[in-house]
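Chemist: Sequence:
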Amino acid sequence: MAVIAVTKERRAGETRVAATPETVKKLIAAGWSVVVEAGAGTDSACLDADYAAAGATVEKTLKATLAKADLLFKVRAPEAEEIAGLKSGAMLAATLNPYQDKTTLEALAKAGVSAFAMEFVPRITRAQVMDVLSSQANLGGYRAVIEGAEAFGKALPMMMTAAGTIAAAKVFIMGVGVAGLQAIATARRLGAVVTATDVRPATKEQVESLGAKFLAVEDEEFKNAQTAGGYAKEMSAEYQAKQAELVSGHIAKQDIVITTALIPGRPAPRLVTAAQVASMKAGSVIVDLAVEQGGNVEGAKLGETAISANGVKILGISNLPGRIATDASALYARNLMAFAGLLLDKEGALNPDYEDEILKAALVTKGGAVVHPQLVG
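Throughout the sequence shown, residue numbering follows the numbering used here, covering 3 to 379 in sequence.
Just to be clear, a hint being listed does not mean it is correct.
Per label pair, the in silico range of CB-to-CB distance [said to hold, decoys possible]:
1) A254 - D347: 33 to 41 Å
2) K215 - R125: 46 to 54 Å
3) E357 - E300: 39 to 47 Å
4) S136 - T328: 43 to 51 Å
5) T63 - S250: 54 to 62 Å
6) A157 - P266: 54 to 62 Å
None of these hints come from the bench; they were simulated from the model.
Computed from a prediction, not measured in an experiment: that's the story for all the values here.
Note that beta-carbon positions come from the ideal geometry of N, C-alpha and C, so glycine has one too.
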């Protein structure tokens, strides 16, 4: 029986866990044996007793947890001590930040680990249940609005009182992927007046279906600004200039701006300049969801709230899904559980078909080498 190990997250500030008692029970029913490091789920409200009740073996030490592991589940990439505890030939499924964290990939390859980067799971129908980017971005978009509303210090909905009327807050979402759509829906539910923009033409209808208004330069480049995989293409300098001109006047009138734009393998595109920040009212708030990849907002600082000279708060919160650790862990764990099903053959043995399109797309290290074509060379 193949063994899945689940260890504590050792990266600073990570509160999520890669398996929950719910998924442990289902993994065991599917033919796996599961070992969980004591305390792994504490920050996600998953207690050791709950894991044990679900059928997992709870080990007190990292060494014991990894001793017989055939597959390691992680949220973030493992640290050196975890890699050292894995046997050669073991597998790993985690979000590995493969474009930026090449040192860890090289260490995994050297240790003989076959590692799957969950970020690389393709966006095809069969893999939707394994899409960790979508499951976590959805919660990140929700939390961005909550954080922005808290920092704003005023009410979001219009309120009519005997003492006078409070105008509804104006919220502008820049980037309408999974996170952006959830941010739109959340801000609308809270009563804000919401507008949104994105370079992908398909998002216009989605934005309007949620009751928000769409804002974009709709030229020929805009009409072709989406990859086959559903990601935004990097736009030309000319388009970016036209878009910046359109949105500059709009940003100046906003109370909360939330930026969500990411391009796989590249630094986050700059969406909000210092001049645009300077045009906003004192007390306005910007939430930069891309701050971990360089940021969409000039002046954003990872892990900090920067305050501009004119009193605009720029929130550079890292790991927004981790601020809803219980739900984020539940969704992520189900993503991994579905992915693990691809690694077993019809007899229930650990025998992955590396030609499967999902496994092939996600595999980053195997046989002592980094093997993903986007990471080699």
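Chemist: For each hint, tell me whether it holds in the structure or not.
Modeler: Verification of the supplied hints:
Between A254 and D347 the Cβ separation comes to about 60 Å, which falls outside the hinted range of 33 to 41 Å. The hinted window of 46 to 54 Å between K215 and R125 is violated, with their beta carbons roughly 27 Å apart. The hint said 39 to 47 Å for the Cβ distance between E357 and E300, and at roughly 45 Å that hint holds. In this structure the supplied range 43 to 51 Å is violated for S136 paired with T328, their Cβ-Cβ distance being about 18 Å.
A C-beta distance of roughly 56 Å is found between T63 and S250, which places it inside the suggested range of 54 to 62 Å. Taking the beta carbon of each, A157 and P266 are about 37 Å apart, not inside 54 to 62 Å as hinted.
Checked against the numbered hints above, the structure violates hints 1, 2, 4 and 6; every other hint is satisfied.
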